[in-house]
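Start from the sequences, fold in the hints, and give me the full structure.
Protein chains: 2
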Amino acid sequence: MEKIRVTTVRSAPTFAHGLVRDLRVRWALDEAGLAYVADTVADRADPAYRLRQPFGMVPAFEADGQGLFETGAILHFLAEDSEALMPADRKGRAETLVWMFAALNTVEPPVWHLFLLDTQRKDEPWAAPSRPTAVSTVEQRLAALAAALGDREYLTGRFTVADILMATVLRFLRHTDLVADFPTLAAYLRRCEARPAFQKAVRDQLDDYARHAAVAA
Amino acid sequence: MEKIRVTTVRSAPTFAHGLVRDLRVRWALDEAGLAYVADTVADRADPAYRLRQPFGMVPAFEADGQGLFETGAILHFLAEDSEALMPADRKGRAETLVWMFAALNTVEPPVWHLFLLDTQRKDEPWAAPSRPTAVSTVEQRLAALAAALGDREYLTGRFTVADILMATVLRFLRHTDLVADFPTLAAYLRRCEARPAFQKAVRDQLDDYARHAAVAA
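Chains as they are written, first to last, in this note's numbering: chain W, 1 to 217; chain D, 1 to 217.
Keep in mind that the hints were calculated from the coordinates and are not lab data. Treat the hints with care, since some could be wrong.
Remember, identical chains collapse to one label, so a pair may be satisfied in a single copy or spanning two.
Derived SDA-like pairs: lysine to any residue, alpha-carbon spacing no greater than 20 angstroms straight-line [to be verified]:
| id | residue 1 | residue 2 |
| --- | --- | --- |
| 1 | K3 | A216 |
| 2 | K91 | D64 |
| 3 | K3 | A94 |
| 4 | K122 | P132 |
| 5 | K122 | T137 |
| 6 | K3 | D39 |
| 7 | K200 | T184 |
| 8 | K200 | A38 |
| 9 | K91 | E80 |
| 10 | K91 | E62 |
| 11 | K91 | Y154 |
| 12 | K122 | V135 |
| 13 | K91 | F15 |
Here it is as structure tokens:
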């Protein structure tokens, strides 16, 4: 795979540093040993950008002329070419996709809702009253996830793109003690974050913000 | 593929009839022309069930001895064997997965949040005050989806499992006028719901509730 381009934002508020979702794609590319160019979108409402990312979100992705969006789909596309990201046999691929969807459709929605309540929505009069229900839903999902993980190192046993998704979902709770309340999940998240490819991806994301800020100054 | 088993609930409140997520799997199986057995789980907290579905949700799925959960992963697994559900070429598969994740990670979370606000959470004191923000997020996603769909019949041009996911997500708004406000989306949903496999899947889901109710009576 050649000519890989990851498009993301030029800057982000401090609470979102290391959380913007291009991190998932950078991390996967670094695990697979693939080089890429990171560029930025100035106006996410621009019709030309909407052709690449219909919902005006980041990241958008392109490889060898094929455009893709949705981090789950981008990571699966990369993983089909790299056994560092997903086993090649059908059973292993199916199990990876199970945990990719579990991360993005079962765990992320309540986690993201709580993240929004505590950040963008925190001054709404209904934010505090609705928070206990939001926390309780997250706790139920984390308890089930911890039970399913058991004493395995990674979700399917070995590291896959499903772990990139699940770890980056759990990071949306870093302003709380919710993950720490489940020691095996906290250890799992530390294990994922200790990977050199994760550390490089975060560093590159933050370096890019700094570089754009210096150019703008 | 043989010995397919879809496990779901024995009954559901009326507001959830035709919405419980085993419908997605039934619909895909009917599109692919695959026979299956539908059974039910009595206690979703049962550790034996949690081995099949770690979050205690429905459906759980099994085919030829392979257990799976997450409707996205189940539908992709079926689609890998059936060109009625997904093109076989790499570009077509990648585009299908893009729209599967768009349905489950970008459109469903705010739609499901609004559905919960209007059903299970409707008596909470924060439900009504928080509703305008929830509606506004849904409207933004639907507007982007309508623009992306344009005048195509289905999300990727031809019918795929991504349409099963997107249509069943839009159905969570059936108690509102939100889809009707976007005529191309309303027409898209009607087109999906007119498919014989969809109609058979809904009928079978409701027949099973009636059958279990008769046995219990």
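For each hint, the structure was consulted:
| no. | hint | in the structure |
| --- | --- | --- |
| 1 | K3 - A216 | neither (27 angstroms within a copy, 62 angstroms between copies) |
| 2 | K91 - D64 | between (28 angstroms within a copy, 12 angstroms between copies) |
| 3 | K3 - A94 | between (28 angstroms within a copy, 18 angstroms between copies) |
| 4 | K122 - P132 | both (14 angstroms within a copy, 16 angstroms between copies) |
| 5 | K122 - T137 | both (18 angstroms within a copy, 16 angstroms between copies) |
| 6 | K3 - D39 | within (12 angstroms within a copy, 49 angstroms between copies) |
| 7 | K200 - T184 | neither (24 angstroms within a copy, 44 angstroms between copies) |
| 8 | K200 - A38 | within (14 angstroms within a copy, 47 angstroms between copies) |
| 9 | K91 - E80 | both (14 angstroms within a copy, 12 angstroms between copies) |
| 10 | K91 - E62 | between (28 angstroms within a copy, 13 angstroms between copies) |
| 11 | K91 - Y154 | within (16 angstroms within a copy, 29 angstroms between copies) |
| 12 | K122 - V135 | both (14 angstroms within a copy, 18 angstroms between copies) |
| 13 | K91 - F15 | neither (38 angstroms within a copy, 36 angstroms between copies) |
In summary, the structure is inconsistent with hints 1, 7, 13 from the numbered list given earlier, while agreeing with the others.
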